[in-house]
Structures are given as structure tokens and as C-alpha cells.
Amino acid sequence: MSGVTTTIIEVRTSPHLHGPLSVDMIMRNVVYAMLPLAAFSVWQFGLSALVLLATTTAGCVLAEHILCRANGNASTVNDYSAAITGLLLGLTLPPGFPLWMALLGSLVAIAPGKLLFGGLGSNVFNPALVGRAFLQAAFPVAITTYTPTLAKARFAEFVPTTWTMPLMKPPPIADWISQVRVDGFTGATPLVLQKFDHIYTDPWPMFWGQRAGSSGEIPGFLILLCGAYLVFRHMMDWRIPVAMLSGAVAAAAGFHLLDPARYPDPLFMLFTGGLLLGATFMATDPVASPVTPRGMWIYGVLMGVLTILIRNLGGLAEGVMCAILLGNALSPLIDRLTPPRPYGARKPEGAI
Amino acid sequence: MNLFGTKRLWRGVHVPENKEQTAHLPIRRLPFPPLLVVPLLQHAGKPAKAIVREGQEVVRGEPIAEADGFMSVPMHAPATGRVERIAPAPSARGELTMAIYIKPYPSASQEVLYGSDQDITQMSPAEVIAAVQATGVVGLGGAAFPTHVKLKPPQGRHIDTVVVNGCECEPYLTTDHRVMVEYPKQVLHGTRVVMRALGVERAVIGVEDNKPDAIAALRKANADRPDITIEAVAAKYPQGAEKMLVKVLLGREIPTGGLPADVGLAVFNVATLAQIGELLPHRHGLIERVVTVTGPAVSKPGNYLIPLGTPLRWVLEQAGCTDQAASIILGGPMMGPAVGSFDIPLTKGVTGVLVMPAKKAETIYPCIHCAACVDVCPLHLDPSHLGLLARKDRYEEMEEIYHLNDCFECACCSYVCPAHIPLVQYFRVAKQMNRERKARA
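If you read the protein sequences in the order shown, they are chains P and S.
Read in order, the letters of the first sequence are residues 1 to 352 in the working numbering.
Read in order, the letters of the second sequence are residues 1001 to 1441 in the working numbering.
Chain P on its own, in the form it takes in the complex:
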């Protein structure tokens, strides 16, 4: 065996094996998991949803690519995280949202939301939600202008607001909505109807996708299915969505017991608005959530309770976005307060 004596050997430190997952693989699968939601959205809202999702995704990817290059760094779009941000932003916007605003939102999500903090892994907040929060503050009317699902001719024409000229105000679309809507479907979301008009919507049909809302938040069953895929592949932490949904259900149940006429039941709260989408795809953003096991539960429950507090007591109909952004801001503190007890040690100092 002369081979042994001539081979050059590599010296590396242990471990010499590595598990199957990598960051780009996880991120790619998160994109895959959101594609069914995007497809469902296009089926429900037609061409407008398609161009909206394409705009936000392309906007985020391009913004990241160009800004990385402008900084003299290698582009980081290959890790797929910008694509997630873009797709997620698109899914949280109303389907007829003006494209120029969506593009601006993408830029805000990537530039101050992510790259300003140092890029992937360093952002304090979920970039997609930073983008959406900016849009909500800047364009409060456009972001609450919902269009009905399954509108007639949705694959033949766009929602009139989609192609609003840049820097222009979107046209009023109340007339257009009354023309296109199928009987029984309105443009207003169940949360708005409940909060301001006291009209209750039955939760189960909503779970199966029959309601108005943001482009990706509607099909509850599909969101849970896509989340389950990621959990099954060990690419998402199940504790955060479970904690957040439990927190929301518990808080909603408490309110409902206090005053059933004013506060809707937990099932309604669970299946309306962006709670399922937020708990599954935004609260679980690992970068902005705690890493300690107890921290994850606290973080999840906190966001769930906050969502219900905002919905029931706040001025807004929807509270998921603010709850998650608040949770993101608190997660370093939660980590610090919940260090795991090391094997063989007493309870660490400063732990709760």
C-alpha cells in the first residue's frame, strides 16, 4: 500500500460530520411553503394579486442585490431570505394595493428593515413587517382598501387601484366593487365588520378561505398545512405558533366571557385577520425571535395576547403586525431573562 505514504492528509477539527440542514435550504423551503398561499391568492384575486406578489418579491430581491453591491459587498440574494421578505410582504397587503407603493414598501423592508442592521441574522424586526408598518403609516387608506374575493373577470382585468401612477392617490373603487362582487361577498374584512359595524361572520367558512382580507391571509387551512410542512422538515419552530395561537385563544376567551356581545368568540379571532399567517410565517422568523426554550413560549403567548388586546381595546381592527413587532423588540430581553438552567447547575442568577 504505497498509497498511504504518498497521500496528503487534511487536518480538521472535530466534528467531522454535519447535519443535513443549511440556511439556504431552510430559506428556500420557506419560499416553497409560501407558494401555495400565493397560488391560492392569485386564484381568489386574479391578476392584481399576481402582479402584486411579483412586484414585492422582485422588489426585495433587487433592492438587496443592488444595495449589497453598492456597499461593495457580495450579493446575498442567494440565501433566499430577500425572496421570503418580498413574498411575505406581498401576502400581507390588500390584493389591489398600488404597485408603486408596494415597491416602496419592499425598499423600506430591505434597506432600513434588514441591511441597515447588518443583513441576514442581524435585523431586530421582521423586515416584511417593517415594510408593512411603513406602508400602514404612509398610506392608511390604501392599505385598508380590501376588494372582494372571487370577483367576476378577475383574470381579465386588474383592480383599478393596482396601476395607480407613482406618487398619485389611488382612485376610489366603491363603485367598481359593487359591480364585480359575487353575491354575499363584500370587500370589508370580517374584523372591520365586527369592530365597527358589529356584524359577526361565521368562523368556519373563513377558515376554508371565504372572506375578504390581505392577499395571503385568507386560507387558514392552507397556512396551517404549509406551516406543518416546515415543522415536519425541522425548518420551523412549532413552539412559537402554538404559543401565539394559544395565547390569542386564551385572551379572546377571557374577553368573550366578560362580554359576549362586545367581544367575539376565540374561534372568530383565530380565523380572522392575519393571525394564522402572522403566527406561522412572521412570528417564527428565527432572527427576530428568542432562542431559549422558555423564551419562545413567553414570546409566543405575549404576541397572542397583545394581538387580542389591540383588536378588542385598540383603535385598529387588526393587531397582529403591531403585536409581532413588539414581540420582536422584546425578544433580546426575553432571552436574557430566560437562560436555560445548565445541567448540574443551580438556577442562574437573574432568571425568571
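Everything labelled a hint here was simulated from the structure, so no lab data went into it.
Misleading hints may appear alongside valid ones.
Across the chosen pairs, the derived CB separations fall in these ranges [as the list claims (entries may be wrong)]: (1) W100/P to K1359/S: 34 to 40 Å; (2) R336/P to R1225/S: 49 to 55 Å; (3) R1053/S to T13/P: 35 to 41 Å; (4) E10/P to T1256/S: 33 to 39 Å; (5) T13/P to A1087/S: 27 to 33 Å; (6) L1259/S to T13/P: 24 to 30 Å.
Here are some, though not all, of the chain S residues that point toward chain P, as calculated from beta-carbon distances under 8 Å [said to hold, decoys possible]: (7) P1153; (8) H1369; (9) L1379.
Backbone N, C-alpha and C fix where the C-beta goes; we use that ideal spot for every residue, glycine too.
Use these hints to put chain S onto chain P, whose structure you have.
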């Protein structure tokens, strides 16, 4: 399958075992190499003192070096032959250590002629401890801690149970597995020896449930002794770490910085006890050990009984390497070091020789705080924050706030990290920097 009946480790990782290549292969002897290199330091503690001179003839099994105090063990001649020289030799850690070079005679027999019988039932615990030290046996699971030292617990500590570690959780390795299958009587005899030395009434042998034949062999050999129990534990890495095993088997946690003796336990590896059971009755010394030679780039993988001091080159020539061979690891792939030379001799602590193909370089991404490392850390540390601090050279904070020194470098965190961050590697550097800083202070 009994999902809840088997005792299990909740943290840790499932690593592909890759044991099937060698698990069924009986232990085979390797021929003597042309030159044996027996280092005087093959254990944790003080090096042995040579008691032979250059040119002297030695008989297989004859002591060639004596223990230098209590924290040391003697060495014995692995083969009949002539002492060529006593000179420095390369070691796995890279530095040169003194070694006795022995040239075996071409016709040297494998039979051990040196020794005489003794009856342990007639011996006091102190005599048993001395007899164990005389065999030169150290922890054969890899740590190479002198076994007789464990038989004398620190002042004020009372040992109530002996724990025998037959987990062998490292992938690829099957030495302990084959020892349990082929030498169950010796394992049990060795267990009784240490029970006698410690004055303990109870012993538990923990074996991972991926070795049903080993469990069956031990149970069959132990039919008449209720004081020794053989327990199956669910296979998971790092089940075989002492701290993990005692927690899983007996629910006891060894305190930070403490010893098993602090919770009334003494832990021994099965192969260690098998050697004690084999050697002690005949006053023999430890001159060979079972080593699994395996890995994707080995042509004839197997479990080989290798004379101590056999150079790595000889082992690889006997087992054969394919063209893909790129790195050689002593021990398992999770914790074993890669070696930089073929000339190092195999010593008492070497459990395996792995020949691995070249590894492709992975992109290192930033930490995405996915908490995978936190979820697998068997010590419940926070490798995520430790890694971020290590990147910023904040080594003191790692030790003081994040319990860096509890880490025993099982490498689960590096294994799962999707960003391919070399976490455990950072921790080794951090510990070393802290040690150096303290040494300067």
C-alpha cells in the same frame, strides 16, 4: 417498539450511525508491526518511568515502565523483542513524547508468558486498587483516565452504585459493541472487581438499544447475579457521555465542575472493565486493545485487536485505504481529532481509526438564531449566544455568564448549525484563551 419504556436522552442529535460496516465483524488480531513505539504517556496523569535500557530483551507482557506515583500507570511490552531505543516520538496531539521503541522478534508469539494467577476474592480493596494499577488499565472509552484512581473516591464521598458505560454513541465505532458480544463474562467479572474495590452492592450497565446482541449476551452471562442490571437506553448521541448516562439511567445530575463521586457514582467503560476482568486474575498487563478501523475510505474495515504502540501507518497498510482517503481521525467523527502524521503510535485511549474522504467546504452564513443548537445542547447551554460572543472575542463573558467551561465539546451544536458556524471549534479556542489569560494573571 416500546416508545416510553426505554430510557432516553431528550437533547442531543441522531447522527447516521454507520456502524453496520463493522458491527457484525468479529475481533481479529493484527500482526506485529516491524517496530513498536510505546509512549510513556498514554493516559491522563504523569508519564510512566522506563525501567528497561536500550538493547535489552523484553518478553510480551513484561513491565517496561513503572507508574510514577498514584496518578500514573505502568506500561508492558506488547511483543517479545529487543528495546531499540528510548527516544521522543510523535503523538496524536502533535507534540513529541518519550517512547520505548521495541523491535519484535520475527517469530514472536502472541501468547503472553509473563504473569501469575491471583484470587481477587482473597484481596482487600486496597490490594485490588494496587492490582488494577499494576495492570496499566486506563479508561478505554477515550479519556484514558487511570482506572484505579476512580476506585479511591475523594474523602467524604460515598459510592453507592457502579455505572458501566456500554453506549458507544459515536457513529462508526463498534469496539465496545464487539467486546460486549464476545467477552460478556470478562465485562461482568471486571464489574465485580470494581464493585469489590469500592464496596458497592449495585451496578448498572447501560447499553444503547441499537446493540441488541450485546444486551442479550450480557444478560445471558449475568443470569445468576441480580446485583448487576443491564439496561437498554435509546440510541442517541451523546448518550455515552458520563454526565448524560447517569442522568438517563439514574436521574442524577453531576454538579458543575464535579465528579460522578459527588452523586455517589463511579462510571467505567465496558471495554475497561473487560480488560480488568481479563487481565487481573493472571496479573497480566494491558498490551493491546480493540480498535475499530473503518470509514468510507477503508478497504477492509474491521474490529482489530492492535498491540499498543503500533504505528498508524501499519494499521492503515493492513486495513487498506482507497484513493479517496483524505483525513484520518482517531476516535469517533464527532469528537475525535484528525491526525497530521502516519507515524504516531496507537495508544490506550484510541477507540477507532476513521479514514474519511475529502470534505467539501461549506458556506458559513450569519447566525439566524434558529435555536437548533440550543435545542440539542445536552448540557442546556446557549451555544447560540456563546457563538456570537466568541465572534467578538468576549471570552470572559462566555465563561462567567454563559457557562462555557461546562461544555464538554460533544459538537452537537456544530453538527446541527444550518449556518455551518464552527461553534464547538470557537468554544475550544475560547477555553484555551481563558486558560492562557488566567495563567498570565
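Status of the hints after comparison with the structure:
Between W100/P and K1359/S the Cβ separation comes to about 49 Å, which falls outside the hinted range of 34 to 40 Å. A hinted range of 49 to 55 Å for the beta carbons of R336/P and R1225/S is consistent with their spacing of about 52 Å. A C-beta distance of roughly 40 Å is found between R1053/S and T13/P, which places it inside the suggested range of 35 to 41 Å. Hint check: E10/P to T1256/S, Cβ distance near 36 Å, so the stated range 33 to 39 Å holds.
Checked against the hint of 27 to 33 Å, the pair T13/P and A1087/S passes, with Cβ atoms roughly 29 Å apart. Between L1259/S and T13/P the beta carbon distance is about 27 Å. The supplied range of 24 to 30 Å therefore holds. Of the supplied interface hints, the one on P1153/S is violated, with its beta-carbon coming no nearer than about 18 Å to a beta-carbon of chain P, more than 8 Å. Interface restraint check for H1369/S: the shortest CB-CB distance to chain P comes to about 5 Å, inside 8 Å, so the restraint holds.
This hint holds: L1379/S has a C-beta 4 Å from the nearest C-beta of chain P, less than the 8 Å allowed.
When each numbered hint is compared with the structure, violations occur for hints 1, 7.
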